[in-house]
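Student: This is what each chain is made of:
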Amino acid sequence: QQQVKQSPQSLIVQKGGISIINCAYENTAFDYFPWYQQFPGKGPALLIAIRPDVSEKKEGRFTISFNKSAKQFSLHIMDSQPGDSATYFCAASNTGSARQLTFGSGTQLTVLP
Amino acid sequence: NAGVTQTPKFQVLKTGQSMTLQCAQDMNHNSMYWYRQDPGMGLRLIYYSASEGTTDKGEVPNGYNVSRLNKREFSLRLESAAPSQTSVYFCASSETWEVGHTIYFGEGSWLTVV
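As they're listed, the protein sequences go chains A and B.
Plus 22 on top of the position in the first sequence (first one is 1) and you've got the working numbering.
Plus 67 on top of the position in the second sequence (first one is 1) and you've got the working numbering.
The shape of chain B in the complex, shown without the other chains:
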């Protein structure tokens, strides 16, 4: 019962460094998402992929890029990390993009940019 798996769990970056957060789901879901969670602000959508081969910007896309590598995998890249990107990142997936389908979240990646 892996569900949504994301790596790494914890990461410390220096300002200006780059890194990629990896995400994979084993539920044969079509849609995948990247959210960030900051204290007092709930979860905010960074990017999403409604289906394999498509990606779109969410609410807070600046400073990030994504790749839908295949149906299972959806990666998030920080090209030049900034302290404002210190956050907890969640990958998620759902059967389809249609409203009403349950979104399943991974356990999160804690990123600190110093």
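Same shape as in the complex, but just chain A:
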């Protein structure tokens, strides 16, 4: 049972463009939504995270948009750069008994120079 659905599976964007990755969740108990970035041959690293009490969080060129009623959240990468080429994972967890992170299936982003 996939509790966090991520799309698209792959994304190609021109340098300077906007990259958008979407995730949808089913468990209404989720209350923490991080995004991880993974380069080839490396482990995932936390990029940015949001709690559901805000609708948007921005850190540099990276923004999370959160829609609690639709149970969706997305990552926007502004002015995408070739160095942003990586696999991005959304995730979700809750502060209740099941505090495990549930990951999406990943999006492979390629930013063309």
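It is worth saying that the hints were derived from the structure and are not from the lab.
A hint or two may mislead.
Claimed, not checked - Estimated spans, in silico, between C-beta atoms of each pair:
{"id": "1", "chain 1": "B", "residue 1": "83", "chain 2": "A", "residue 2": "90", "range": "40 to 50 Å"}
{"id": "2", "chain 1": "A", "residue 1": "77", "chain 2": "B", "residue 2": "144", "range": "41 to 51 Å"}
{"id": "3", "chain 1": "A", "residue 1": "34", "chain 2": "B", "residue 2": "177", "range": "36 to 46 Å"}
{"id": "4", "chain 1": "A", "residue 1": "76", "chain 2": "B", "residue 2": "165", "range": "16 to 26 Å"}
{"id": "5", "chain 1": "A", "residue 1": "101", "chain 2": "B", "residue 2": "81", "range": "19 to 29 Å"}
{"id": "6", "chain 1": "A", "residue 1": "74", "chain 2": "B", "residue 2": "83", "range": "45 to 55 Å"}
{"id": "7", "chain 1": "B", "residue 1": "119", "chain 2": "A", "residue 2": "135", "range": "41 to 51 Å"}
{"id": "8", "chain 1": "A", "residue 1": "80", "chain 2": "B", "residue 2": "81", "range": "43 to 53 Å"}
What the hints assert, rightly or not - To list a few chain B residues with every Cβ distance to chain A over 12 Å, as calculated:
{"id": "9", "residue": "78"}
{"id": "10", "residue": "111"}
{"id": "11", "residue": "150"}
{"id": "12", "residue": "155"}
What the hints assert, rightly or not - Below 25 Å or equal to it, Euclidean Cα-Cα: the simulated DMTMM-like pairs (lysine to aspartate or glutamate) are:
{"id": "13", "chain 1": "A", "residue 1": "79", "chain 2": "B", "residue 2": "162"}
{"id": "14", "chain 1": "A", "residue 1": "64", "chain 2": "B", "residue 2": "93"}
{"id": "15", "chain 1": "A", "residue 1": "79", "chain 2": "A", "residue 2": "101"}
{"id": "16", "chain 1": "A", "residue 1": "64", "chain 2": "A", "residue 2": "75"}
In this text, a Cβ means the ideal position worked out from N, Cα and C, and glycines have one as well.
With chain A's structure known, arrange chain B on it following the hints.
Tutor: Frame of chain A; chain B shown alone:
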């Protein structure tokens, strides 16, 4: 800046063989985790240790055992490897088990079972 270190990096096993993946963190973290990563499936939690002396099953524990040797070290053992266990394994740690604490991942161990 070692962070989370896991060994070996690559391993090929024959079906039925056993092996242990080693993991150590130098950040004085209380919680440690083992994940597996398969194409198109993201990362799935195998086992975790919320604090030294405790271990619990995650989403996909079958076929694995773990040992929290001390606060720094958390090992994953495959007693009788199967081809379905071919995967990339990641050890990770966080300051505590509480939601919101950053989870730091190692660089992964590529395991092939033939």
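Student: Within 25 Å, alpha carbon to alpha carbon, are residue 79 (chain A) and residue 162 (chain B)?
Tutor: holds (23 Å)
Student: Regarding the pair residue 64 (chain A) and residue 93 (chain B), is the alpha-carbon distance no greater than 25 Å?
Tutor: holds (18 Å)
Student: Go ahead and decide if the range 41 to 51 Å is satisfied by the Cβ distance of residue 119 (chain B) to residue 135 (chain A).
Tutor: holds (48 Å)
Student: Could one say that the CB atoms of residue 77 (chain A) and residue 144 (chain B) fall in the range 41 to 51 Å?
Tutor: holds (44 Å)
Student: Take a quick look at residue 155 (chain B) and tell me if its Cβ sits farther than 12 Å from every Cβ on chain A, holds or violated.
Tutor: violated (9 Å)
Student: Checking one constraint from the list: CA of residue 79 (chain A) to CA of residue 101 (chain A), max 25 Å. Satisfied?
Tutor: holds (17 Å)
Student: Would residue 111 (chain B) pass as off the interface with chain A, using Cβ distances and a cut of 12 Å?
Tutor: violated (7 Å)
Student: Does residue 78 (chain B) clear chain A by more than 12 Å, comparing its Cβ with all Cβ atoms of that chain?
Tutor: holds (16 Å)
Student: Does the Cβ pair residue 76 (chain A), residue 165 (chain B) satisfy 16 to 26 Å?
Tutor: holds (19 Å)
Student: CB of residue 80 (chain A) to CB of residue 81 (chain B), is that within 43 to 53 Å?
Tutor: holds (50 Å)
Student: Would the least Cβ to Cβ distance between residue 150 (chain B) and chain A come out above 12 Å?
Tutor: Residue 150 (chain B) is indeed farther than 12 Å from all Cβ atoms of chain A, at 21 Å.
Student: Decide if the proposed pair is consistent with the structure: residue 64 (chain A) and residue 75 (chain A), CA atoms, cutoff 25 Å inclusive.
Tutor: violated (32 Å)
Hints 3, 5, 10, 12, 16, counting from the list given before, are not met by this structure.
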